[in-house]
Structure formats: structure tokens, C-alpha cells
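A.B. asks: Assembling the complex is the task here: the two chains are given apart, and the hints tell you how they should meet.
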Amino acid sequence: MTMLRTVLFATLLLLPACAFARQDVNEPLDAELIRSLQPGKTTAREVVERLGAPTEVVQLGRRTAYRYDASTEKSTVLFLLLINFGNQDLRTDRLWVFFDEQDVLTHHGAWFGTHRTQYALPWEDVHEASDNEARDADRPGVGQ
Amino acid sequence: MRQAAAKALSLVLAALAAGCVQGSYNRATVDEPLRPEWLRQLQPGRDSLGDCLQRLGAPHRVFEYAVEADGRSGMALLWIWRDVAGFGIDVSAGTKEVTGSVSFDFGDAELPGCVLWFDAELRLEQWRNGTLGDLLPGRARPSAWSAQ
Numbered sequence: 008m009t010m011l012r013t014v015l016f017a018t019l020l021l022l023p024a025c026a027f028a029r030q031d032v033n034e035p036l037d038a039e040l041i042r043s044l045q046p047g048k049t050t051a052r053e054v055v056e057r058l059g060a061p062t063e064v065v066q067l068g069r070r071t072a073y074r075y076d077a078s079t080e081k082s083t084v085l086f087l088l089l090i091n092f093g094n095q096d097l098r099t100d101r102l103w104v105f106f107d108e109q110d111v112l113t114h115h116g117a118w119f120g121t122h123r124t125q126y127a128l129p130w131e132d133v134h135e136a137s138d139n140e141a142r143d144a145d146r147p148g149v150g151q
Numbered sequence: 235m236r237q238a239a240a241k242a243l244s245l246v247l248a249a250l251a252a253g254c255v256q257g258s259y260n261r262a263t264v265d266e267p268l269r270p271e272w273l274r275q276l277q278p279g280r281d282s283l284g285d286c287l288q289r290l291g292a293p294h295r296v297f298e299y300a301v302e303a304d305g306r307s308g309m310a311l312l313w314i315w316r317d318v319a320g321f322g323i324d325v326s327a328g329t330k331e332v333t334g335s336v337s338f339d340f341g342d343a344e345l346p347g348c349v350l351w352f353d354a355e356l357r358l359e360q361w362r363n364g365t366l367g368d369l370l371p372g373r374a375r376p377s378a379w380s381a382q
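Chains as they are written, first to last, in my numbering: chain D, 8 to 151; chain A, 235 to 382.
Hints listed in this document are in silico derivations from the structure and should not be mistaken for laboratory results. As the structure is a prediction and not an experimental result, all values here were calculated from the model. Just so it is clear, CB atoms sit at the ideal spot from N, CA and C, and this is done for glycine as well. Among the hints, erroneous ones may be present.
Label-pair ranges, simulated between beta-carbon atoms [stated by the list, open to error]:
#1 241(A) - 31(D): 45 to 51 Å
#2 319(A) - 111(D): 42 to 48 Å
#3 363(A) - 71(D): 23 to 29 Å
#4 40(D) - 255(A): 48 to 54 Å
The following block holds chain A by itself, in its conformation from the complex (with noise of 0.2 Å):
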């Protein structure tokens, strides 16, 4: 029973000291999250898309939005961002070269972000602070408009 004890120690020590099972603190930043102090200037019904553009500057995605019959149409605006930080273990198993890079995954629901809604005025009509699976609706075509 020591015996195995030890080999088994052993091993977890060999594994450690070679690098192959190591603890890790990793914190990931993309971009920053939307001043507090700027939303609460916004003023739905009053602020225009100009007006939210210079205060809170270029959004990371626009979507359509409220599509009317003769193809006037709104738009969502979308700001996102992410700043996760945690322990982890890595294991190394030499099978596949992984590299490095954090980006934006825009299937992730859990996502904090904030979405402005604008009528086809480009009026704002409200804004919401959340979660990407909150905020945002399903994938939907475009409008299909055309001038002809």
C-alpha cells in the first residue's frame, strides 16, 4: 500500500517537474465595458443615432431591426465585452499544437453587453445592459427589400 503510495506520488511529481500537469491563473481582457456615467445620459425617445455614436463611440456589431413593408428600418447597436480571470490546471498531452489567442466568440450567451435599440427615425428607442443570450434575438436573414 506505501508502495503504491509512492510510486503514485512519484509519477504526479515527475508529471509536475516535466511540465506536462501544471496549476495556472489566466485573465483574459477584450476591450472595455461601457462607462456607467454615459449610459445614464442617455435619453431614449430624444437622443439620435448621431448623438449615441459620439458619446459612446463605434459599436461592435449593428443588426437590423424592425423592418417596415416599404423598407424603412431601425437598428440595434451592440457593445460587448469580457474580462474573466480564474485558476485552472493544464495538461499538456503533446497531441495537437493549440495557440493562443482571445477573441470575441458571439455564440457565448453569458457575454456581457449592451444593446440600443433605434426606430427608423435612427431615433434611440431604449437600451439594456445584459447578457448576449439576453439581449440578442435569434439569427434572422436580412430584410429582403430592393428597389426595384
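One chain only, chain D, in its complex shape (with noise of 0.2 Å):
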């Protein structure tokens, strides 16, 4: 019974004490999407057709990337009395296409982390391998 009230007690006195917060910029990237862009076929105007405005499109001499992204924050904050403890997790996704002078896709490059972030401790290491590679598994397209 003197075990039952103290846990009730502590989990009392903690409850109004954590605080859980997200964050999501823009959609995640669709990597079955991403899997039809085909180098030296796509042209710039599909793929915007396909993707959107990107996020930001660079020239380099000749030839110019653009740049998709998103990103998705998990905080997490436990506030007791004389100390706080928050943790702030952020992970991206991020593609880059490349297009030739004519705007024909040479190259592109896509990695997927929105999935991967989690709500977690500051002491706690959430990202082992095992972790990624399941969270990998659930998400179409990535776990391939």
C-alpha cells in the first residue's frame, strides 16, 4: 500500500512536469516518388511537375541543383523543482537533383531522417543502428 501511494505520489508530482513538442517543415519526401526520377531522361520541368518548387536552386557554371527538403523536431522537457532536463531531436530529409545546360537530370541524391526522430531523454542514445534500420522498415520507399 506504502508502495502503491508513492508511486502515485511521484507519478503526481511529475505528470505536470513534462512536456512533449513537435515540429514538422514541410511534407516528408515521397521516396517512391523520388525512385521514377530517371538521369538523362527527367527534365527539370518534370520534376518540378512531380516535386514542387524546391527549396532552393543553386548554379554551379553550367549546370544547377535544386535543393528539397524537409525536417521534422521532437522536444521533449521534464521540469522538476531546481533542474530541467529537455532533449531536442531534429532530423531531415533531403534531396538534391542535378541538371545539365539543357535542364536534362544527370544525377540526384535523396536521404530520408524525418522518420528517424524521436522523443527521448538527454541521457538516452535513441539512434543505434537497430532503431534506424526498423524505423527504416516502416517507411515506403526507404527500407529497401
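C.D. replies: Here it is, written out as C-alpha cells:
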């Protein structure tokens, strides 16, 4: 009974002292759509029609490159009487598409990370390889 | 003397209890470092841009590099990450609301990162790990090459 009271008291004491927040910027990139891009064939116009407006356009001499990105951030804060513990974890999806001077796709590279973001306390290591692999497997087009 | 100490102590305790002054331990992580085994596989002079993108994924930034007179240019690809943790003291004065959010500050010379440089044929010239301050040159305008 004393144990139950202690647990209840500790829970009541800590519950109002926790905060969770999430912040998303842009929609996560569609891995399956990105797979449909064909170097030597897909044009800049077709890329924009499929993916929308890029975040950034970079001139590289005669070539150009477009950047698409999205991010997810998860924050956790534990407020105690004398000390706070906070953790912010931000992961991004990134896609760069490179075009030649005729605006035909020559290369593209992608990274998918938004689904790996986690709520955690600052001493936890939540991005172990097995953890990432399990999350990758749940995201269409990424885990294969 | 004893009264003054007691007053100061009670003020400190009141500030702590009200949450005006608190100790904190915070950690902020942004993306993941490139794995050393991936970097060890890079072969300057042999690997192409496509090989590197396939192995390392998309970089955070791409820069123009070694622009030639005819407009041909190489490029530099930058990956960065952040994992910082530490103790601090939070003082809340109630003057301005501050939103909690982490992000990259590309002006932060101490951020760790990695840059790959490619020549105009898009062949890997060299790569280097380090801090942003060491890896990146100062800001420059893009080249003025034009097809006309």
C-alpha cells in the first residue's frame, strides 16, 4: 500500500512537469516518387511538376542543382524543482537533383531521416543502427 | 550579517521554487554524422558524383567550385551534423517569449562536417572532415557564366 502511494505521489509530482513538442517543416519527401526520376531522361520541368517548387536553386557553372528538404523535430522537457532536462532531436529528408545545361537530370541523391526523430531524454541514445533500421522498414520506399 | 545571509538565501530559494532560476541539462541533435566506414571507401580520382551520392546520400548544401573561363565548374558537397549536450542555468525574466527550436547555423564555424570536392568532370578530387570554419571558404557570388 505504501509502495502504491509512493508511486502515485511520484506520478502526480512528475506528470505536470513533462512537456512534448513537435515541429514539422515541409511534407516528408516521397521516396517512391524520387525513385521514378531517371537521369538522362527526366527534365527540370518534370521534376518540378512531380515534386513542386524546390527550397533552393544553386548555379554550378553551366549546371544547376535543386534542393528539396523537410524536417521533423521532437522536443522533450522534464521540469523538476531545481533542474530541467531537455532534449531536442531534429532529422531531415533531403534531395538534390542535378541538371546539365539543357536542364536534363544528370544525378540525384536523397536522404530520408524525418521518420527517425524520437522523443527522448538527454541521456538516452535513441539512434542506434537497429533502431534506425526498424524505422526505415516502416517507411515506404526507404527500407528496401 | 546573519540576517543578510538569511535574506539572500530566502530570495534564492524563492527564485528557485518559482522557476525563475533553474539549472538545466540539455541535448540537441541534428542529423547524423557520416559513418567512418562510408568515408573510408571513398576513392579520390576514381569515384564519380553518382558513386558518392549513392554511398553517402544527399548533402546539406552544394557549392560551386573551381569555375573555369568557359563556364565549366566543379562542385563541393557539404554534410553537417550536431550533437551537443551540457549543463546550464536558465533565468526566466518574462520579457520576451522564446520558441525552442534547433537548427543549423551555417555561420557556426565550430559545427562538425565533411566536404567532398568534385572537378568539372564530376570526379571526386578530395574529401575532408573538420569544422565548418576550416572546411568552407568565405561567401562568394555564383559565377557570371551565361549561355548568351
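A.B. asks: Now look at each hint and say whether the structure bears it out.
C.D. replies: Hints and how they fare:
1. Taken as a hint, the range 45 to 51 Å holds for the pair residue 241(A) and residue 31(D), whose Cβ atoms sit roughly 49 Å apart.
2. Checked against the given bound of 42 to 48 Å, the beta carbons of residue 319(A) and residue 111(D), roughly 46 Å apart, stay inside it.
3. Residue 363(A) and residue 71(D) have their C-beta atoms about 28 Å apart, which keeps the hinted 23 to 29 Å range intact.
4. At roughly 50 Å, the beta-carbon separation of residue 40(D) and residue 255(A) lies within the given 48 to 54 Å, and the hint holds.
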